[in-house]
Each structure stands twice: as C-alpha cells, then as structure tokens.
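K.L.:
In case you want the letters, here they are:
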Amino acid sequence: MATPLFSVRDLAKVYRMGEVEVHALRQVSLQLGEGQFVVLLGPSGSGKSTLLNIIGGLDVPTSGQVLYRDEDLTQADEAALTAYRRRHVGFVFQFYNLIPSLTAEENVALVTEISEAPMPPPEALALVKLGERRDHFPAQLSGGEQQRVAIARAIAKRPSVLLCDEPTGALDISTGIVVLDALARVNAELGTTTVVITHNAAIASMADRVIRLADGRVSSVEDRTEKLSPQELSW
Amino acid sequence: MPDAERRMRISPLNRKLLRDLWAMKAQALAIAMVVAAGVAMYVMYLSNFSSLRATRDTYYERQRFADVFASAKRAPMRVATDIAAIPGVSALEARVVATVTLDLPQFDEPASARLVSIPPDRRPRVNDLFLRSGRWIERGHADEVLASEGFVIANNLKPGDRIPAVINGRLRRLTIVGVALSPEFVYTIPPGDLVPDDKRFGILWMDQQALAAAFDMEGGFNDVVLTLAAGAPVGDVIARIDRILEPYGGRGAIPRALQLSNWTVENELSQLQTFGFMLPLIFLLVAAFILNVALTRALALQRPQIAALKALGYDNVAIGWHYLKWAFAIGAAGVLIGIGLGALLGTLIIGLYNSFFRFPVLLFRVPPSVVVGAAGMTLAAASAGALGAVVRAVRVPPAEAMRPEVPARYRRAIFETPIVARQLGTAGRMVLRNLMRHPLRAAASIVGIAFAVAVLMVGLVFTDAIEQLIQTQFWEAERQDVTVTFVEPRDAEARHALERLPGVIAVEPQRSVAVRIRSGHRERYLSITGVPAQPRFKRIVDRNGRPVRLPPSGVVLSLTLANVLGVQPGDTVTLEVLEGHRPNRQVQVTGLVDDILGLSAYMDVSALHQLMREGDVYTGALLLVDANESHRLSSELKATPAVAGAGFKRAIVASFRETMAANMNLTIFVNLLFASIIAFGVVYNAARVSLSERSRELASLRVLGFTRAEISLILLGELALLTLLALPIGWIFGYSLSAAIVSSIDSEVYRFPLYVTRRAVANAFLGIMGAAVVSGLLVRRRLDRLDLVAVLKIRE
Numbered sequence: 000m001a002t003p004l005f006s007v008r009d010l011a012k013v014y015r016m017g018e019v020e021v022h023a024l025r026q027v028s029l030q031l032g033e034g035q036f037v038v039l040l041g042p043s044g045s046g047k048s049t050l051l052n053i054i055g056g057l058d059v060p061t062s063g064q065v066l067y068r069d070e071d072l073t074q075a076d077e078a079a080l081t082a083y084r085r086r087h088v089g090f091v092f093q094f095y096n097l098i099p100s101l102t103a104e105e106n107v108a109l110v111t112e113i114s115e116a117p118m119p120p121p122e123a124l125a126l127v128k129l130g131e132r133r134d135h136f137p138a139q140l141s142g143g144e145q146q147r148v149a150i151a152r153a154i155a156k157r158p159s160v161l162l163c164d165e166p167t168g169a170l171d172i173s174t175g176i177v178v179l180d181a182l183a184r185v186n187a188e189l190g191t192t193t194v195v196i197t198h199n200a201a202i203a204s205m206a207d208r209v210i211r212l213a214d215g216r217v218s219s220v221e222d223r224t225e226k227l228s229p230q231e232l233s234w
Numbered sequence: 000m001p002d003a004e005r006r007m008r009i010s011p012l013n014r015k016l017l018r019d020l021w022a023m024k025a026q027a028l029a030i031a032m033v034v035a036a037g038v039a040m041y042v043m044y045l046s047n048f049s050s051l052r053a054t055r056d057t058y059y060e061r062q063r064f065a066d067v068f069a070s071a072k073r074a075p076m077r078v079a080t081d082i083a084a085i086p087g088v089s090a091l092e093a094r095v096v097a098t099v100t101l102d103l104p105q106f107d108e109p110a111s112a113r114l115v116s117i118p119p120d121r122r123p124r125v126n127d128l129f130l131r132s133g134r135w136i137e138r139g140h141a142d143e144v145l146a147s148e149g150f151v152i153a154n155n156l157k158p159g160d161r162i163p164a165v166i167n168g169r170l171r172r173l174t175i176v177g178v179a180l181s182p183e184f185v186y187t188i189p190p191g192d193l194v195p196d197d198k199r200f201g202i203l204w205m206d207q208q209a210l211a212a213a214f215d216m217e218g219g220f221n222d223v224v225l226t227l228a229a230g231a232p233v234g235d236v237i238a239r240i241d242r243i244l245e246p247y248g249g250r251g252a253i254p255r256a257l258q259l260s261n262w263t264v265e266n267e268l269s270q271l272q273t274f275g276f277m278l279p280l281i282f283l284l285v286a287a288f289i290l291n292v293a294l295t296r297a298l299a300l301q302r303p304q305i306a307a308l309k310a311l312g313y314d315n316v317a318i319g320w321h322y323l324k325w326a327f328a329i330g331a332a333g334v335l336i337g338i339g340l341g342a343l344l345g346t347l348i349i350g351l352y353n354s355f356f357r358f359p360v361l362l363f364r365v366p367p368s369v370v371v372g373a374a375g376m377t378l379a380a381a382s383a384g385a386l387g388a389v390v391r392a393v394r395v396p397p398a399e400a401m402r403p404e405v406p407a408r409y410r411r412a413i414f415e416t417p418i419v420a421r422q423l424g425t426a427g428r429m430v431l432r433n434l435m436r437h438p439l440r441a442a443a444s445i446v447g448i449a450f451a452v453a454v455l456m457v458g459l460v461f462t463d464a465i466e467q468l469i470q471t472q473f474w475e476a477e478r479q480d481v482t483v484t485f486v487e488p489r490d491a492e493a494r495h496a497l498e499r500l501p502g503v504i505a506v507e508p509q510r511s512v513a514v515r516i517r518s519g520h521r522e523r524y525l526s527i528t529g530v531p532a533q534p535r536f537k538r539i540v541d542r543n544g545r546p547v548r549l550p551p552s553g554v555v556l557s558l559t560l561a562n563v564l565g566v567q568p569g570d571t572v573t574l575e576v577l578e579g580h581r582p583n584r585q586v587q588v589t590g591l592v593d594d595i596l597g598l599s600a601y602m603d604v605s606a607l608h609q610l611m612r613e614g615d616v617y618t619g620a621l622l623l624v625d626a627n628e629s630h631r632l633s634s635e636l637k638a639t640p641a642v643a644g645a646g647f648k649r650a651i652v653a654s655f656r657e658t659m660a661a662n663m664n665l666t667i668f669v670n671l672l673f674a675s676i677i678a679f680g681v682v683y684n685a686a687r688v689s690l691s692e693r694s695r696e697l698a699s700l701r702v703l704g705f706t707r708a709e710i711s712l713i714l715l716g717e718l719a720l721l722t723l724l725a726l727p728i729g730w731i732f733g734y735s736l737s738a739a740i741v742s743s744i745d746s747e748v749y750r751f752p753l754y755v756t757r758r759a760v761a762n763a764f765l766g767i768m769g770a771a772v773v774s775g776l777l778v779r780r781r782l783d784r785l786d787l788v789a790v791l792k793i794r795e
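Residue numbers (numbering that gives the first Met the number 0), protein chains in the order written: chain Y, 0 to 234; chain U, 0 to 795.
So here's chain Y without its partners, still in its complex pose (with noise of 0.2 Å):
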C-alpha cells in the first residue's frame, strides 16, 4: 500500500438533535493512500458524509484522530482548519454549491486566487473538458456541467485531496458518467487523492480502495487491482 495521506483512529461523533444523541461515527479506523482513487459506500445515516467532513475539516470529531500526513487535525482550532481546506482540499458537492453571480472561469478564479501554485483556470475547465464554456453563468448550464465546473474548481488550487459528497446524486446517468470521467482522470493525471461517498454501488467498479460503512463503523475494506473506466461501469 502507498504512504498513508491519512490515518484515522478510533473516530467517533455523537451529534444531539435535540434530546436524542445521534451516534454518526463509532469508533472508525481506517488509512487512506496518496494517489488513490477511494469510494465510500454505504446507505443513508451510515455516517459516510460525517466521515468526510472531518476528513475535509469541515466538521470536529467527538474523539479520536485524524492525521493529515504529520498533522493532527483533531487538534487543530478554525483558522488552522480554514489554512488547511484553503491549501490541501478540494471539495465537489451533491449540489455543486457554484457562486451563480460568477461565470465558470470566475467560479475557478475563485479558488486560484486564494491559492500558492494554482493551474491557470483555463487549463482546469479543459481538464473537465468545459473549456469551450467558460464565459457561461451557473443559470446557463446543465447540472452536469455545473458539476464539472465544481470538480475544476476543486481541483484547480492542486489540492492533496479531492472530497467529493455524491457527486453524480442529482445528475442522470449518462451526464453521471460525464462526470466520474472527469474524477477518474483527475485522479490518474494529476495523481490527486480522491474520496468519493455514494450510495451507488457500480461506482465501486473505478475505485482502488472500496470502504463500506453501516451504522457509523467500517463493515469492510476491499483494495481491488482491477480498476473499470466510466464507461464501463453499469449502473
């Protein structure tokens, strides 16, 4: 297996919705390599998006912790945190979270601003293949092409990794596959660690570690050798 990029150990998070306590996470441990291309499955309430978020620094564990490489993200406070998503992660979410008042190539300008060594955008939109539509506002664009939009801009700063919270759930099949295209070659030119939560078990087919989650643990880890393109995958 390849370095670990990170190491989770004994993560628990116990939400209160209201009076009850929501046990999302129970004691999960796992290692996730550099490079590699990561499916997380598992139904709803299994605990996958909590797992990602704290990946992500996004959200705190209640215990236990998260390495990223050499630093503890469980003990890092918001501003780290915030240093941390700016520098080392790049988010695609189910609802592609586009700013709509800024065209594709601004959406991407966004984050290149912000970043050290960012891919001119141009050259972030091709990789998804939306080059020709750069000037497009959020409203003139199918959602599978805001999603591309997404994953350029996520991937447009160089990110360590790329956390994507299903990223084909509000999108057809044939733009899903558009869209995992555009993951998988993310992931095979750029070598950029790619997690991917989602219900749909066909897209496991891509991955080169599958992580099953039920019930906030780990019910099972499959590393595969055999990797199938998009387009093969069937749904």
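A couple of the hints might just be wrong.
Stated by the list, open to error - Derived CB-CB ranges, DEER-like:
id: 1; chain 1: Y; residue 1: Ala116; chain 2: U; residue 2: Leu300; range: 54 to 64 Å
id: 2; chain 1: U; residue 1: Ala708; chain 2: Y; residue 2: Val220; range: 47 to 57 Å
id: 3; chain 1: Y; residue 1: Glu225; chain 2: U; residue 2: Ala708; range: 44 to 54 Å
id: 4; chain 1: U; residue 1: Arg391; chain 2: Y; residue 2: Met16; range: 28 to 38 Å
id: 5; chain 1: Y; residue 1: Met16; chain 2: U; residue 2: Ser368; range: 48 to 58 Å
id: 6; chain 1: Y; residue 1: Gly17; chain 2: U; residue 2: Arg391; range: 51 to 61 Å
id: 7; chain 1: U; residue 1: Arg391; chain 2: Y; residue 2: Asp69; range: 49 to 59 Å
id: 8; chain 1: Y; residue 1: Asp69; chain 2: U; residue 2: Ala708; range: 52 to 62 Å
id: 9; chain 1: Y; residue 1: Gln26; chain 2: U; residue 2: Ala708; range: 55 to 65 Å
id: 10; chain 1: Y; residue 1: Glu115; chain 2: U; residue 2: Ala708; range: 12 to 22 Å
id: 11; chain 1: Y; residue 1: Val59; chain 2: U; residue 2: Leu300; range: 21 to 31 Å
id: 12; chain 1: U; residue 1: Gln304; chain 2: Y; residue 2: Gly17; range: 13 to 23 Å
id: 13; chain 1: U; residue 1: Gln304; chain 2: Y; residue 2: Glu225; range: 42 to 52 Å
id: 14; chain 1: Y; residue 1: Val59; chain 2: U; residue 2: Gly387; range: 36 to 46 Å
Please keep in mind that the hints were generated in silico from the structure rather than gathered at the bench. Please read all numbers here as calculations on a predicted model, not as lab measurements. Each residue gets a CB set at the ideal place from its N, CA and C atoms; glycine is no exception.
Please build the complex by placing chain U on the supplied structure of chain Y, with the hints as guidance.
P.N.:
Same frame as chain Y, but now just chain U:
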C-alpha cells in the same frame, strides 16, 4: 378547560404566523422601528399642533384677545370714544404703554420692562389678564404692579417683592402684588433682541392713573387695543383708526395677524402642521419599502409551505390574508412604539414651548384623531409594502411552488470592461453583480439611506446656521458693545455726554425714524435706520456677512420688504413719517440688501436728517467700551433719565446662545435618533436579506477555504457600496430639505441663512456610516455562526 382545547383557540395558521414572526424578530423589530419613527414624528408634531392650537383658541377667547392694535404719541381720552364708535368695533381699551429701565441688583447690564396700564377696579375689556397668583392692583396704590409670569420665574420673584424701575427719569420701587399672563404677551422679546430673554425683560401691569401721571399722560392714552364684531371689515377699521389717530402721532394700526406674539405662535403652528405630515410620510415610505423587500424574501423561503397549504385546500385569499397579517403585525408594533415615543418626545417639546410661550396651561395631549391617523397611515404603508410580495407568492400554482425557486440569473454589469473587471477582483464582481441583479432594490436601499443622511444633515445644518446668524448679526453687522436708546430724540450734545461716561471708547450716534412705507396699496410700518457714510459699528450686511455700501440718496430696502411692497431698485416708494412734523415724501429705492432680518430699510443719515428737516438729532447711540469698565458704565446708564434702554452685546449673545441651544439640542437629538433608526433599519434589512439569499454561497466559499474576513468583505462590501452611493444623494436631499425648511421660516420678522458647512455634511456622513457599520457588525456575527455542513446539504 383541557390544555389542548385552550391551545386550539388560536388557529394553527395564526400560531404559524406568531412563530414565523418570532423567527425573524430582529428584522421585524428593525422594520417596526422605522415605522415607529414615522409614527412618533406624526404624533409628536400633530399632537403638539393640536395642543397648541386648542390652548391658543381657548386662551384668546376667554381673555378677549384684541383684533386690532394701534399706538400714538399722545391722544386725549375722547379720541378713544371716536374709535369705539367706528362700526364693527365691539370693545376697546385705551392704555398707556411705556418701556422703562429696571435696576435689578443681580445684573450688571440694565434690564427693561414694558409697563402697560390696567384699570384698578375692573378687568380690561380687551386683552384681559390671567391672574396666576397674588391679587389685582388696588386704586390709590400707585406703585403696585402685576408682573408677567416668565419674568417672575426667571428672576425668582414673588408677590411682595419690590423692583426698582427708572420711570421717566425717576427711580421708583414697584411692588409686585400678583403674577399675571396676557394673550398679548404669549411670546415676548426684549426690544432690539432676536429671542426671548425672561431674565432681562418683563411686562409690568400698573394702575392707569399712576402710569399716566408718571408719563404726563393724564386724561390721555398712547395705545389702544380693540376687538371687532364677527365679520367686521378689518382693513376698513384700521384705515379709520389711522385717520383718527393721525393728528395725535398715530403710528399705524395693525391687525392681530401682524402682532409679534400672535404671529410667532401662528408660525409655529403652521410649521408643526407642515412637518407633521411631510417627515412621517418619508419614514413610512421607507418602511413600506423595506417591509416589501423583507417580506419578498421571507415568502420565497415559504414557497413549500404555501404549496402545502394550497394542497390542504386553503384558498389564495386565506393564504394572502395570512401573510398580509404578517405585515400588519409589524406595522401595529411600530404604531404602538411610535405613539409611546411620540408622546414622550411631544412632552419634551411642549416643555420647550412652555419656556418660550406663556400660556395659563399648555398640556400635551394626544388627540384620538392623531392616533387614528397614525394607525391609518401605517396600515396603508404596510399594505402597500406587503401587497406586491404577497400577491406574487400566492399566485404560484401549488405544484410549481413545491419545486425550489428557479436559480438566480446573473449577467455581467454593462460597465464591466475587461480592464475594469480585472481591477474589481472576484469579490468586487460578486458585489457588483448582486446589486445589478436587483437594481430597483439597490436603488430603494440607496434612497432610504439617503433620507437618513438628509434627516441628520438638517439638524446639523441648523446648528451651524445659528452660529452663522450670530456671526453675521453680532460681529459683522453690529460691531458695537452697547446699544443705547434714548427716551426722546436728542441733539449732538447727547453724544458728548455719552463720550464722558466711564469706559466709553467711541460713540456712533444713531437716528431711526418710524414710518409707514407704501407702494400702491401695499404698506408696512417700520423704522428707517440712518447710517453714516463711513459707519464704524453698525453696517448693512447681506446674509453672508458681506457689507453693502449705501448710496448717498434714496432708500435701501431689505429683500423681504421689497417683495412685500412689490418694488425694485429704481421704483419710488412713499414714506409717511409718523413723528415730528410727519412729512410725506416720495423716495427712490436705490438698492436692495438680502439680509437676515425681515423688514428693514436704511438711508444715509444726512439724507434722513434732510427728510426730517432737522439738524443733528439722534434717537440712540452705539458704544465701543472698555470691558473692565462695563460695570460702572452700566450703573451710570441705569441712572441716566434720558436713556430708555441699554443692550450689552455680551449678555444678548449669551442669552441668544442659551435659548437656541435648548431648542437645537432637542431637535438634533430627535433628528439623530430618527436618522439612526432609518439608516440602521435599511442597512440591517438589506444585510439580512442578502445573508438569507446568499448564506449557501458564502458557506461554500468558507468550505473552499475562504476566511471569515474574506466572506464578510463580500457581504459587507455590498452594504458599504450602498451606503457610499447614498451619501451624495443624501447630501442633495438634505440640502433641499434644509432649503424647504429655511423658506418656510422665511418671514417678515426674520429670515434664516441657509448655510451648509462642510462640517455639518461630514458629520452627517460619519453618523450614517456609523449606523451602517453597527448594523453590518450585527450581521457579521451571524456570518460567523454560519453552519457550513448544514447549509451545503440543503438544496435551495
């Protein structure tokens, strides 16, 4: 009653309303406060108007306030019978009136009093007094007087106290036996002053025979007041009185409307009425607009709920009414707060009135009609604000309402050329495009904030105007230290007598002549001031303090007087002199001066002497004095029989400042309060609406690694831009509003300079920016609490 049953008494829809309102309580309160500010102004002005008017009407009627006032040099009593016989005259009181110097031990400078005769054994038939305390004077006690209440209070006097007065050259000790008020002297200003000074000027009512004896007026009178029967022709009566009094040195009769005290009260009433309507209207319009914006946003968030209600079978009317009540609830809160605030401020202002105006009772009351009017205006404003938003939200078919609103469409701003765009940066572009997406909303926010700037500016402009008035009047125009008035015109010898007094450095004699100035059928009574060719102290200056050179012949009129008479330079006017041998002359108008005084006319002093066919005769003098000797000078002047009064500039300016400060501090406080409320309400709502619309976008930016400061810049930058754009527009509004107020004060009695200083504008700008910063910071706190995870999960 079971709990559930009790709860069901409020319908579920109304309970939803209450909880929705509670959820947006800060925003609702900000809107309610703007409504409250408008209502408070309305209540304050119109309640004061109605209190003041009711008090005046009752007072005038009960005390039989005169319809016509006339004075003469000296007329025998039988002439009064002739005047009483004029058709239309219903009652008459012939009196002796004189101004005397008081020797109050507590002042260095002489105080003065107006002595007015009253009959000892009955109440006056016209201008009856209201006896506050003590008793009426008794026949045979020549030194008993009733003293005006303002004077008594200001000098801490009481019945039984004695006041030394120099009456026709003799010092007499007058005993106060009662404290009284008169409808004739609701508002009094000392001769030669601009504002009331109750400490140094009072009215003393004295036995008719005693006063007549002191001034050699036995069997005669020099002043007459009369009431008219309903419908009597005032102009005709005045013309006949003038004819009757002419041989006796008549100084021209005036109607009630031109009597100083009444004129001042009337002027205050008309201002209250004007502003009581205009200013609240501005506030309610602003409130209606922010209500509209806030409600439009709130209803956009309620789309799924509206759909659900429709699916459950509620019709458009029921749902529309539900959301309309939302606006009414906010309006009602504003009305309640506003009435409370208005009553509080109204009481403060009535307190201020009670220090200017002397009424037996002037109480602050909020009439029911004002409450109804405030509620009605607010209801109208709230409906206007809510209606558009409600109709738009309710009209959407249920199925469509279930779906999220269509994503916002943006465009590049037209002026975003590549170069400009690069300068702007990403945050700048976001700010700009957000404003461009709702240009009307942005414009309305700007106008709202601009009104706040205007309201604040008006208050500050007037403080500066007062300083300018003092500068122009007391330093540019009148550069003397003391103004002396003689009892009778004196020759040049008087000048030398004054020069010999202690501390007097220089003397400039003055001649003023009482005239009726006429052009066609338009006429006014006033004094023409003679000005030396090279004036040392008293100069004619325009309202900006620039001296005006007087031509050697002809008469120079103030702009106000020229307008009243309808004349221009080159025209001739008729001067009917009301003293001496009463010459009648045609004189050419050789110049106009745009000054701060109301009606004034000037002539070269030698030309004036020529007109009067007299030598060096003077009616007073201006003195430059050594400040160290002013105490001795004052005692000497008090003891000089020929001197009717002496005004020390230091004391006059001090009292002017004190009076104006009391008035202005309250006005500025009120304006500052209301301007802050508007600015805060508009900016806070704009910020909250933006935050609600864009929390998702801002949270996304945080996730992408933007710091709090960076996303604050995007949200607050928009507010800062709105505020900055509002400032110059606010300056225009403020200037126009100040000009409107100045022209409403512009009268025959005095004018106000419109003097907008950089300081006033800068302070208004700073005040509004301060209010904007405070509301920005409040919203920023919410930005810091943005829930990053939750906001990303919701699809808007």
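K.L.:
Are the hints correct? Go through all of them and say.
P.N.:
Each hint tested on the structure:
1. For the pair Ala116/Y and Leu300/U, the supplied restraint of 54 to 64 Å is violated, since their beta-carbon distance comes to about 41 Å.
2. A hinted range of 47 to 57 Å is violated for the C-beta pair Ala708/U and Val220/Y, which are about 41 Å apart.
3. In this structure the supplied range 44 to 54 Å holds for Glu225/Y paired with Ala708/U, their Cβ-Cβ distance being about 48 Å.
4. Our hint of 28 to 38 Å for Arg391/U and Met16/Y holds, since their Cβ atoms are close to 35 Å apart.
5. Here the CB-CB span from Met16/Y to Ser368/U is close to 55 Å, well matched to the stated 48 to 58 Å.
6. About 35 Å separates the C-beta atoms of Gly17/Y and Arg391/U, a value inconsistent with the hinted range of 51 to 61 Å.
7. Between Arg391/U and Asp69/Y the C-beta distance comes to about 56 Å, which sits within the given range of 49 to 59 Å.
8. Checked against the given bound of 52 to 62 Å, the beta carbons of Asp69/Y and Ala708/U, roughly 28 Å apart, lie outside it.
9. About 37 Å separates the C-beta atoms of Gln26/Y and Ala708/U, a value inconsistent with the hinted range of 55 to 65 Å.
10. With their beta carbons about 19 Å apart, Glu115/Y and Ala708/U fall inside the hinted range of 12 to 22 Å.
11. Take Val59/Y and Leu300/U: their Cβ atoms lie about 29 Å apart, and the range 21 to 31 Å holds.
12. The hint said 13 to 23 Å for the Cβ distance between Gln304/U and Gly17/Y, and at roughly 21 Å that hint holds.
13. Gln304/U and Glu225/Y have their C-beta atoms about 51 Å apart, which keeps the hinted 42 to 52 Å range intact.
14. For the pair Val59/Y and Gly387/U, the supplied restraint of 36 to 46 Å holds, since their beta-carbon distance comes to about 45 Å.
Hint compliance for this structure: hints 1, 2, 6, 8 and 9 are not met, and every other hint is.
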